[in-house]
Amino acid sequence: MAIAYIGLGSNLEQPLKQVKQALLNLDLLPASYLLAYSSCYQSQPMQLAEDQEPQAPYINAVAKLYTAYKPLDLLDKLQNIENIQGRKREKRWGARTIDLDLLLYDHTIMQTERLTLPHYGIKQRDFVLKPLAEINPNLVLPDGSHIQDLIAQCQDFAVRRL
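Once you know that position 102 of the sequence shown is 102 in my numbering, the rest is easy, because the numbers rise by one and skip nothing.
Heads up, a few of these hints could be off.
Per label pair, the in silico range of CB-to-CB distance [as the list claims (entries may be wrong)]:
| no. | residue 1 | residue 2 | range |
| --- | --- | --- | --- |
| 1 | Gly86 | Ala152 | 35 to 41 Å |
| 2 | Arg160 | Pro30 | 17 to 23 Å |
| 3 | Thr108 | Pro57 | 27 to 33 Å |
| 4 | His146 | Leu24 | 19 to 25 Å |
| 5 | Gly86 | Pro45 | 33 to 39 Å |
Think about it this way: if two alpha-carbon atoms lie no more than 20 Å apart in a straight line, the pair counts; the simulated SDA-like pairs of lysine to any residue are [stated by the list, open to error]:
| no. | residue 1 | residue 2 |
| --- | --- | --- |
| 6 | Lys20 | Lys70 |
| 7 | Lys20 | Lys88 |
| 8 | Lys64 | Gln148 |
| 9 | Lys64 | Glu13 |
| 10 | Lys88 | Gln148 |
Rather than coming from a laboratory, the hints here were simulated on the basis of the structure. Given the structure is predicted, the values throughout are model-derived calculations rather than measurements. Backbone N, C-alpha and C fix where the C-beta goes; we use that ideal spot for every residue, glycine too.
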């Protein structure tokens, strides 16, 4: 069994409802237990491609999961939840009904074509750091970085707790 942290985000089709539904779906995963989840936060879209329309704000949260799944198997389960909730993978950083990112998996460091652990953007994303710190204020990443230090270094806190 391992501890995994999952980032949740949505900005389409009632985003708050989508995030809450994803939390319910995580709680229903076999061989896993939803241990904790953060409050919901509102954030601005990360980045727009030149040909993208402006996007609505995102609703974000982080969940802490105790799971028997290995990292790639858990990724498959997360992508299945995304598909069930109507996720369409059309554009990178595009609007979405739900996005489930495997942020951390115990102290695992790995990089494959499908999965990078810890998540490649974890240290720069205020909409990940704040909810992570809410459910584990003493969290230390596999490289020894402390969550509170990362929050102090983050340049742009455009997130608002709901």
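Against the structure, the hints:
1. Hint check: glycine 86 to alanine 152, Cβ distance near 37 Å, so the stated range 35 to 41 Å holds.
2. Arginine 160 and proline 30 have their C-beta atoms about 35 Å apart, which leaves the hinted 17 to 23 Å range violated.
3. The supplied range of 27 to 33 Å is met by threonine 108 and proline 57, whose beta-carbon atoms lie about 32 Å from each other.
4. In this structure the hint that histidine 146 and leucine 24 lie 19 to 25 Å apart at CB is violated, the actual value being about 31 Å.
5. The hinted range of 33 to 39 Å is not satisfied by glycine 86 and proline 45, whose Cβ atoms lie roughly 19 Å apart.
6. The suggested pairing of lysine 20 with lysine 70 is violated, with an alpha-carbon distance near 24 Å, which exceeds 20 Å.
7. For the hint linking lysine 20 to lysine 88, the alpha-carbon distance of about 19 Å falls within 20 Å, and the restraint holds.
8. Using a Cα cut-off of 20 Å, the hinted pair lysine 64 and glutamine 148 holds, with the two alpha carbons roughly 18 Å apart.
9. The suggested pairing of lysine 64 with glutamate 13 is violated, with an alpha-carbon distance near 24 Å, which exceeds 20 Å.
10. Only pairs whose Cα atoms come within 20 Å are accepted, and lysine 88 paired with glutamine 148 is rejected, the gap being roughly 34 Å.
When held up to the earlier numbered hints, the structure conflicts with 2, 4, 5, 6, 9 and 10 and fits the remainder.
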